[in-house]
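All chains, please: the whole structure from these sequences, using the hints.
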Amino acid sequence: MKIDKKTVENIAHLARLEFTEEEKLELTDSLSKILDWVDKLSEINTEGVEPLIHMSEETNVLREDIPQNTLSHSDALDNAPKKDSDYFRVPKFLG
Amino acid sequence: MKRYHSLQEIREDIDAGKTSCVELTRYYLSNIKKKSSLNAFLEVYEQEALAKAEEIDKKIAAGKAGRLAGMVVGLKDVLCHKDHRLQASSKILDGFKSKFNATAVQRLIDEDAIIIGRQNCDEFAMGSSNENSAFGPVLNDVDNSRVPGGSSGGSAAAVQADLCLASLGSDTGGSVRQPAAFCGIIGLKPTYSRISRYGLIAYASSFDCIGIITRSIEDAALLLEVVAGRDDYDSTVSSREVPEYTKMLKTSKKYKIGYLRESVESKGVSDEIKKHTLKALELLKKQGHIVEPVQFKLLDYILPTYYILTTAEASSNLSRYDGVRYGYRAEGATDMVSLYKKTRSQGFGKEVKKRIMLGTFVLSAGYYDAYYTKAQKVRRLIKEETDRILSQYDFFITPTTTTVAFKIGEHEGDPLSMYLADLFTVQANLCGLPAISIPNGCDSNGLPIGIQLMTKSFAEQELLAFSKYMLELQTN
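Taken in order, these protein sequences are the chains called A and B. Under our numbering, the first residue of the first sequence carries the number 1462, and numbering increases by one thereafter. Under our numbering, the first residue of the second sequence carries the number 456, and numbering increases by one thereafter.
It is possible that some hints are incorrect.
Dumping the calculated DSSO-like pairs for lysine-lysine here, alpha-carbon to alpha-carbon at most 27 Å [what the hints assert, rightly or not]:
#1 B:LYS805 x A:LYS1485
#2 A:LYS1543 x B:LYS537
#3 B:LYS797 x A:LYS1543
#4 A:LYS1485 x A:LYS1467
#5 B:LYS809 x A:LYS1466
#6 B:LYS722 x A:LYS1501
#7 B:LYS862 x A:LYS1494
#8 B:LYS809 x A:LYS1463
#9 B:LYS546 x B:LYS513
#10 B:LYS805 x A:LYS1501
#11 B:LYS488 x B:LYS457
#12 B:LYS805 x A:LYS1466
#13 B:LYS805 x A:LYS1467
#14 A:LYS1501 x B:LYS809
#15 B:LYS752 x B:LYS722
#16 A:LYS1466 x B:LYS457
#17 A:LYS1485 x A:LYS1463
#18 A:LYS1485 x B:LYS752
Restraint ranges, calculated between C-beta atoms of paired labels, are given here [unchecked claim]:
#19 A:LEU1475 x B:LYS741: 53 to 61 Å
#20 A:ASP1545 x B:ARG458: 50 to 58 Å
#21 B:ASP565 x A:ASP1490: 24 to 32 Å
#22 B:LYS730 x A:ARG1524: 49 to 57 Å
#23 B:ALA825 x A:ARG1524: 34 to 42 Å
#24 A:SER1533 x B:LYS722: 53 to 61 Å
#25 B:SER793 x A:VAL1510: 40 to 48 Å
#26 A:ASP1490 x B:GLU478: 53 to 61 Å
#27 A:ARG1524 x B:LYS702: 28 to 36 Å
No lab work stands behind these hints, which were simulated from the structure alone. Given the structure is predicted, the values throughout are model-derived calculations rather than measurements. For every residue, glycine included, the Cβ atom is placed at its ideal position computed from N, Cα and C.
This is how it looks when you write it as structure tokens:
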């Protein structure tokens, strides 16, 4: 499958990434090549086959409903690139 | 100091007063310095490791030491180690420090392993050569112009070059076995869910496994025994009892072994690797095992299925890196979307961005069923076909890789040819099965060759015992 620059731009927005014009061209080419390659799967008849989703045999693993504090407030804030005493700081996003 | 191949050798020498944890740690630290050009470690915990060594020497003297006392290990830069930096060889986690230990790391510490440092890898474990690290490539100690493999390249090169006795890595499509093969050592990927993934940076969650890199089967068995098993912090981890692998390493059974016909016939596999693989199979036949060629009809579909599913899972897993709560944040953002975009575009490397793009595409409206669901269906067919083979054979053998370690830069500009490096290893991850790569001689240039054994779910004990048997056959 061939994808065009517009698709690359659309996907980049969904993935929250941005690219230069040159990078977009390169991605158009390399993603098209990879998609051509994975299109090989269309040769296989998968009618009636259930998708394989879970790889673990464990189901419904539950524990006692006892609250636990695994990460303290200050520890959670510790790695933040920008913070105040209580919160993560981010740019304003409501007009 | 002599080169040790297993913890048992080390413990014997410690008990005989010939060495100590402190001496050993100094030895590995000096090797790390001597071989710093390999670029295997991103960070070395010199003072901390020495202090720990001193503490463990005292414990040994008091008869209170844990099972891993005397073992100096390295951690791939994808495993949380409390109060230590962690960044998956990516700029996007610049400055990040773990707030807790991964369960596997905690269990190493509880048994008195000495953690010597954090090892270089492909960014977010995406790669087969360690060339995708934000901190530069790792070199193969046998030939410095060649790669050590990936993505656990630093972890494998460190064990290869005697910079530590063992490493914990991760294996999503061969990232422990392929570098082990390229470096002439042992790489074990256990059954999916055998080891808790708590504290392992996620790449593709339905494939990811913590893997073990060692110089001996005994150490692989011991490490698996220590780190595997139930964990309150991972609801997908297996609740099955962990067998005492270390006590079951002897085998005298005659096995039925299938090998992938294409792997010893295909033009895509190098002649020397074919030759060595056939030689190993011949040796098994001579010992009275049944050895038969097996055709795997879905071979050509393994890698496409793998790339659709892993990139899809990665695009979702890596959405958490947004510059808000931890790691790198780009300057100059005007609103939230631009903060995310700038941070992620500057923070992630090229291959990671490409895989996020591919994964986002196959999950996007209009393409989801054609790519993602389709690949999940093919995954089931591949698993069923593989399980069928393993119901007829005890082990399924292939070479670990199609070529020996390639030159740095050899696959630049041709990602598909690089992806083929994982052809034989990916199957075990698609099916959640245990597999191991063990050394199988060297080619005429002295470059290591690996042979891979795969078996049924949770049959690690047979896998380890038979691997040990095969290694002994080689030397006898």
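request  = Against the earlier hints, flag every one the structure doesn't satisfy and list their numbers going up.
outcome  = Violated hints (numbers, rising): 9, 16, 18, 21; every other hint is consistent with the structure.
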